[in-house]
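Q: Chain order of the listed sequences is S and B.
Each number in the numbering used here comes from the position in the first sequence (counting from 1) with 11 added on.
Each number in the numbering used here comes from the position in the second sequence (counting from 1) with 5 added on.
Since the hints were derived computationally from the structure, they do not count as laboratory data.
In this text, all values refer to a predicted model and were calculated from it rather than measured experimentally.
Idealized CB from N, CA, C, for every residue including glycine.
Keep in mind that a hint or two might mislead.
[What the hints assert, rightly or not] To give a feel for the contact side, a few chain S residues facing chain B, derived at Cβ under 8 Å:
hint	residue
1	Ala99
2	Leu181
3	Ala245
4	Ala246
[As the list claims (entries may be wrong)] Partial list, computed: chain S residues near chain B (C-beta under 8 Å):
hint	residue
5	His92
6	Gly94
7	Gly98
8	Glu102
9	Asp136
10	Ala162
11	Ser163
12	Gly165
13	Arg171
14	Phe177
15	Ser178
16	Pro182
17	Pro239
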Amino acid sequence: MSWARERAAVAGENKSALLDIGRGRGSGILAAVRHYLWLMIFLAAAAGLADQPAFAGQASAQQPPPAAAPPSPMIVLDPAHGGIDTGARGENGIVEKDIVLAIARTLRAELERQGFRVVLTREADTDPSYDDRAAAANAYRYAILISLHIASTGKPGTVRAYYEQFSTPLPPPASPAASPAAAQARSATPPPASLLPWHEAQQPSVAASRHLAEILQLELARSFAGSPAQPTGAAVRELRSVAGPAVAVEISSVSVSNAEMLTGMAAPLALAIGRSVDAYRAGSVAVPKS
Amino acid sequence: MTRTFMVALVILAAAVVIGLISLRGLRRHMQRMAVPQFAEEQARREVLAPPISTASDVPTKAEIFWAAGPDTLAPVEMELPLSADPAVRSKQLIEALVSRPPTIGQRTLPPGVVLLGFYVLSDGTAIADFSDTLASNMPSGILSESLAVNSIARTLASNVPSLRRLKILIHGQEAETLAGHVDLTGFFDLNPAPPASAPAAVATPPEIPAPHPVPAAH
Ligand SMILES: [Zn+2]
Numbered sequence: 012m013s014w015a016r017e018r019a020a021v022a023g024e025n026k027s028a029l030l031d032i033g034r035g036r037g038s039g040i041l042a043a044v045r046h047y048l049w050l051m052i053f054l055a056a057a058a059g060l061a062d063q064p065a066f067a068g069q070a071s072a073q074q075p076p077p078a079a080a081p082p083s084p085m086i087v088l089d090p091a092h093g094g095i096d097t098g099a100r101g102e103n104g105i106v107e108k109d110i111v112l113a114i115a116r117t118l119r120a121e122l123e124r125q126g127f128r129v130v131l132t133r134e135a136d137t138d139p140s141y142d143d144r145a146a147a148a149n150a151y152r153y154a155i156l157i158s159l160h161i162a163s164t165g166k167p168g169t170v171r172a173y174y175e176q177f178s179t180p181l182p183p184p185a186s187p188a189a190s191p192a193a194a195q196a197r198s199a200t201p202p203p204a205s206l207l208p209w210h211e212a213q214q215p216s217v218a219a220s221r222h223l224a225e226i227l228q229l230e231l232a233r234s235f236a237g238s239p240a241q242p243t244g245a246a247v248r249e250l251r252s253v254a255g256p257a258v259a260v261e262i263s264s265v266s267v268s269n270a271e272m273l274t275g276m277a278a279p280l281a282l283a284i285g286r287s288v289d290a291y292r293a294g295s296v297a298v299p300k301s
Numbered sequence: 006m007t008r009t010f011m012v013a014l015v016i017l018a019a020a021v022v023i024g025l026i027s028l029r030g031l032r033r034h035m036q037r038m039a040v041p042q043f044a045e046e047q048a049r050r051e052v053l054a055p056p057i058s059t060a061s062d063v064p065t066k067a068e069i070f071w072a073a074g075p076d077t078l079a080p081v082e083m084e085l086p087l088s089a090d091p092a093v094r095s096k097q098l099i100e101a102l103v104s105r106p107p108t109i110g111q112r113t114l115p116p117g118v119v120l121l122g123f124y125v126l127s128d129g130t131a132i133a134d135f136s137d138t139l140a141s142n143m144p145s146g147i148l149s150e151s152l153a154v155n156s157i158a159r160t161l162a163s164n165v166p167s168l169r170r171l172k173i174l175i176h177g178q179e180a181e182t183l184a185g186h187v188d189l190t191g192f193f194d195l196n197p198a199p200p201a202s203a204p205a206a207v208a209t210p211p212e213i214p215a216p217h218p219v220p221a222a223h
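Please model the entire structure based on the sequences and the hints provided.
A: What follows is the structure in structure tokens.
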């Protein structure tokens, strides 16, 4: 409950800051374009910022400590690919886009049985854009996006979790006025969240996503023998515009002889995801707020 | 009735004739477009394909990162004649990575991949331009695609210390992903930048905000 209030407060601040920047500048098409961009940036930043304090334990001093558990997140399951984008294809006719949709449907049923709220980014053989998929998660105040994939490679039956990894920006060319320390600090400081571009909306949530991926990968290693114990950071296109915790889960692989070997993994996967989300929420709320 | 029929027939015949003429023209136009594209690709390869071995090459122990399992890379030390020039050296290394894996199982990039160009910018940004084969023959998946990109990045980082980051192009264009998963719109980290050097002697005063907003010119 207090999370929601905090988020609303942060969102309110962002909005007024954005409006201030906008005042007295340009008109016509430029203004319209700017207005649209701000709206996107604001939505991304509001959702991204909203999740930050709980992780870092840096909630503002005015906010009282949470009286109850944080609200249950909306789990946004993203069956990757679809439509003309088949994803990976196996020699035995196994097609990634079909398997991930079947698995997503089972996951939704199982997770709903566990008491979670779940939505899918696609319900049929369609191919929403990367932005549409991110927007499906960004529409919720507190959502966790889990993108589902089947790999071409890897030991069949193993499952890997990935979190987004952005490249490190190069330090700016040495400015005569700035000290090296200042230049270094500038390069190390991420851009202000309120000015975050849509295509980097995941940036403020990378630590949160990594934390979730670590919990999830441990569960996956327990449920699916041979899976690694640590998640991997990678430049996964689907995750970069999600303004909140987001991970990709990739099952190996399309090389299995029949599809049931993969779809049959959905039930234990649902248990692993459910336990991970619970542990992640518990970890979030356990952080004492000052 | 007959007159109307005749008029309709004439119009139809004219439409067919016009259609045939324009179809022929269209086909010729398409052929014209197709031929230079192919020739352009050929010419590009010929111009850009460097003499991979140059007179200044020195036999060097290089570390090439090939697959050591489905999700791991391991360096394989091999002696290669390498140039001191970062761009030529990088081409030689990628050429070895593509064409000389010790076993098929260690391959990280599809066979037949051609490095069309390799450029190094003054800030240490490396730009590698690969043929379409890198994307079209790459097994789709986060696991396979990230292993491929990491094998290129780690091989370059390990053997060309001046390179800071890598941009991968496909046939001269920025691609959204490698094969549906790994994002190619950004850069991949190679070697971290050295600590910033001492400030320059000439200093300019810090920018002071104007007291009143200056009307912007549109
Ligand atoms: Zn996929």
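Q: Now look at each hint and say whether the structure bears it out.
A: How the hints compare with the structure:
Look at alanine 99 (chain S): its Cβ gets to within about 4 Å of chain B, closer than 8 Å, so that hint holds up. Of the supplied interface hints, the one on leucine 181 (chain S) holds, with its beta-carbon coming within about 6 Å of a beta-carbon of chain B, less than 8 Å. For alanine 245 (chain S), the suggested interface contact is upheld, since its CB lies about 4 Å from the closest CB of chain B, less than 8 Å. Because the closest C-beta pair between alanine 246 (chain S) and chain B is about 4 Å apart, less than 8 Å, the hint holds.
With a least beta-carbon distance of about 7 Å to chain B, the hint placing histidine 92 (chain S) at the interface is held under the 8 Å criterion. Interface restraint check: glycine 94 (chain S) against chain B, minimum CB-CB distance 12 Å, threshold 8 Å, status violated. For the restraint placing glycine 98 (chain S) at the interface with chain B, the shortest Cβ-Cβ distance is roughly 6 Å, inside the 8 Å limit, so the hint holds. For glutamate 102 (chain S), the interface hint is violated, the least distance from its beta-carbon to any beta-carbon of chain B being 12 Å, above 8 Å.
Using the Cβ-Cβ criterion of 8 Å, the hint placing aspartate 136 (chain S) at the interface with chain B is not satisfied: the shortest such distance is roughly 16 Å. Contact between alanine 162 (chain S) and chain B, as hinted, is supported at the beta carbon level, the nearest pair being about 4 Å apart and thus within 8 Å. Given the 8 Å rule on beta carbons, the hint for serine 163 (chain S) holds: about 4 Å separates it from the nearest Cβ of chain B. Look at glycine 165 (chain S): its Cβ gets to within about 4 Å of chain B, closer than 8 Å, so that hint holds up.
Here the hint on arginine 171 (chain S) is kept, as its CB sits about 6 Å from the closest CB of chain B, short of 8 Å. The closest approach between the C-beta of phenylalanine 177 (chain S) and any C-beta of chain B is roughly 7 Å, which is under the 8 Å cut-off, so the hint is satisfied. Annotation: interface hint on serine 178 (chain S) holds; nearest CB of chain B at approximately 4 Å, less than 8 Å. Interface hint status for proline 182 (chain S): upheld, as the beta-carbon distance to the closest one in chain B is roughly 5 Å, under 8 Å.
Contact between proline 239 (chain S) and chain B, as hinted, is supported at the beta carbon level, the nearest pair being about 7 Å apart and thus within 8 Å.
Taken one by one, the earlier hints fail for this structure at numbers 6, 8, 9, listed in ascending order.
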